[in-house]
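Those sequence lines, one after another, are chains A and B. All letters in the first sequence, in the order written, are residues 861 to 1289 by this note's numbering. All letters in the second sequence, in the order written, are residues 861 to 1289 by this note's numbering.
Note that these hints are calculated values from the structure, not bench results. Bear in mind the structure is a predicted one, so any value in this text is a computation, not a measurement. Heads up, some of the hints might be wrong.
Since the list gives no way to pick out one identical chain from another, each pair is judged satisfied if it fits inside one copy or across any two copies.
[Said to hold, decoys possible] The calculated DSSO-like cross-link candidates involving lysine-lysine, where the alpha carbons are at most 30 Å apart (straight line), are:
no., residue 1, residue 2
1, Lys1273, Lys1080
2, Lys1273, Lys867
3, Lys1184, Lys1246
4, Lys1011, Lys982
5, Lys911, Lys1080
6, Lys911, Lys1011
7, Lys1246, Lys1011
8, Lys1220, Lys1080
Number of protein chains: 2
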Amino acid sequence: MRTRPLKVALLGCGVVGSEVARIMTTHADDLAARIGAPVELAGVAVRRPSKVREGIDPALITTDATALVRRGDIDVVVEVIGGIEPARTLITTAFENGASVVSANKALLAEDGAALHAAAEKYGRDLYYEAAVAGAIPLVRPLRESLAGDKVNRVLGIVNGTTNFILDKMDTSGAGYSEALDEATALGYAEADPTADVEGFDAAAKAAILAGIAFHTRVKIGDVHREGITEVTAADIASARRMGCTVKLLAICERAADGASVTARVHPAMIPLSHPLASVREAYNAVFVEAEAAGQLMFYGPGAGGSPTASAVLGDLVAVCRNKLGEATGPGESAYTRLPVSPMGEVVTRYHISLDVADKPGVLAQVATVFAEQGVSIDTVRQQGKDGEASLVVVTHRAPDAALSGTVEALRKLDTVRGVASIMRVEGE
Amino acid sequence: MRTRPLKVALLGCGVVGSEVARIMTTHADDLAARIGAPVELAGVAVRRPSKVREGIDPALITTDATALVRRGDIDVVVEVIGGIEPARTLITTAFENGASVVSANKALLAEDGAALHAAAEKYGRDLYYEAAVAGAIPLVRPLRESLAGDKVNRVLGIVNGTTNFILDKMDTSGAGYSEALDEATALGYAEADPTADVEGFDAAAKAAILAGIAFHTRVKIGDVHREGITEVTAADIASARRMGCTVKLLAICERAADGASVTARVHPAMIPLSHPLASVREAYNAVFVEAEAAGQLMFYGPGAGGSPTASAVLGDLVAVCRNKLGEATGPGESAYTRLPVSPMGEVVTRYHISLDVADKPGVLAQVATVFAEQGVSIDTVRQQGKDGEASLVVVTHRAPDAALSGTVEALRKLDTVRGVASIMRVEGE
């Protein structure tokens, strides 16, 4: 074993960074044995240098992240700052100055992954980011490497723990969205400003990264159709139950049937209780992958948190260090297919639509005519009457999303339709 | 991209091999793009050369596997023959003659993995074997690489599809073992001679491989305690149901609490219905991994079959070819801990014991005394009387397996105990 240590610079020392530093110290011997050389924490860039950081030599702390990545003796930079800047410039500077990079930054990779990969390749460095998607769950490596000889057709995942906790709470307790969000906040599963989670931004970034890796193409966060869970009601969950389904916020990446394009989207959807994703409870994540030869695979585990994310970062750190010692690099970006990303309107899916209608004869005929005119085939209809009001619940067969939206628009214009109570896609069948 | 192809020799052209050859042909462009060079099937060693093999150039077929691996121009040998010899000699000869090896041979790796790894290292070649454990499910790479910065404490898996199919059938239909085995055989899930599956040999080989990788040590198939499912009865499954459990054949690899030893075992066990492994149906496989930082992870998918196994083989083929092009090798054996494997008697677990006893006063006191003498603490007891006969179902707290076996032996000697109807371990709590 080489005795001269590999030098690691840590950018960011919050929940994840401090755990990375802790494990690097407490498990130093194991890491050295697995890498073939010791690793040494050579510097830690933070915003608040005065904060006490247990187990970290205060001499390593700096507020000058740029100077740290420019030192020239750093082998690997671990970036756990998050956000676009200064992370992007620091990573590029690290590549220029001889370091490979391990990052947990989903927002940056989903926004500008191609440029970062290009910079890594230009300078002959590694860019690893297992921690950016679904925390500790090995996903990037299985998709990039284990399935490299297969053809992935679909990725269907619960990739945001906060929203899964909220939806699971609504499902098990009958609570409404606000009540379930309050509980998630009280228990630390939701942040004070939960927007990134509940509006689906976090899941959309992960969907972009997963779609790019799965289909060997480039998908940016802006290509991902995104709907959050804030409008999911207790009534939607109850409707799902009646259909033998539950509601999950899904990230769905699909290759078109003709193979010439891909789609990526994040939205709440009903899935059958028999689907393996339906039993993913609380803040757990799981990703379901359908590949031509492998069939259906599922990867399950904690999708966030300091320790699980640190586990993913350290797995990458070991790999990148081994590559450094072998003077090699791991697999880089594989985007050779350059498939276009189709808009949401071209996605083929099913709708569950709940309508408040006038309780009089002929309403169903009117509604059915609208579906027929839009070319959307109805699977089932359920009518319920109550005090002069009535509700119609329609579940469609598979149709392009544009035709389904067009149908809903036309339904809203009917005099006999008082309102569209809810619209939800049905997936995983 | 390099235009000169990498040459692949295929040893074995049965269910898996023919699928590997097919995908290499039909997906040649994708494989070339992912590797950075085309791959060419340079020879196929078979036992029956006269058999028609669709899509394979007859000129590539040979019965002389030794000559094929000795050719000297082969970059990668794919070994899907199975068994100890001639596979072992062929793999070693391949290393000597410049080739890296992708193998699906669990029996060989569990018997002689250390020697094969040593040979690979001596000659600077790769030895990859994702397909040897749980078919298409990425497990070897996630354990070896994704979790390389973490500490795995436990691996709990359903790694044999045949036995899971049989137990699932018994659970859902109430069928006995023989009836369920017949159905598995009729549907092609069990072989004509099902011994390797139902007696746990197949699962034990996988347990040995998983334990070695998970704990960075060496475990051979002979170190794995093995019990099959042939003695599992419909009554056992019914008892499990009453406890809120189901019965699965589990491969369990554990690090001792003090970290100084490991254990590996395969046996039927009751697990709670709430455990993610309990819902693994039919011939699916799933492996549950507990790591210090990552927490609880699960990997799920088809554990056997031509296509899924070929997917795993081809993922390894892409990785090994990339390494060849980069003149590098991937991570080799990591067995630096060299932890001893403790015998089954030292495993700490729980028992569910069903006793037929005389229906008279004082029996429970006698039985309880035996448990106390052996130092085994009782969790629950259920008594049922019927026509002068009675049954006692005892569930213990955790105790060393030796103490539990000793207890059962002592119970058998009691006059009031007419028989021990069943003994099953309880896991996953």
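Right, here's what the structure says about each hint:
1. Lys1273 x Lys1080: Cα proximity of Lys1273 and Lys1080: none, with 36 Å in one copy and 71 Å across.
2. Lys1273 x Lys867: For Lys1273 and Lys867, neither the intra-copy (66 Å) nor the inter-copy (65 Å) Cα distance is at most 30 Å.
3. Lys1184 x Lys1246: Answer is neither; intra-copy 71 Å and inter-copy 72 Å both fail.
4. Lys1011 x Lys982: within (28 Å within a copy, 34 Å between copies)
5. Lys911 x Lys1080: Intra 36 Å, inter 50 Å, cutoff 30 Å: neither.
6. Lys911 x Lys1011: Answer is between: at 29 Å across copies they meet the 30 Å cutoff, but 48 Å inside does not.
7. Lys1246 x Lys1011: neither (51 Å within a copy, 60 Å between copies)
8. Lys1220 x Lys1080: neither (49 Å within a copy, 75 Å between copies)
Hint violations for this structure: numbers 1, 2, 3, 5, 7 and 8, all remaining hints satisfied.
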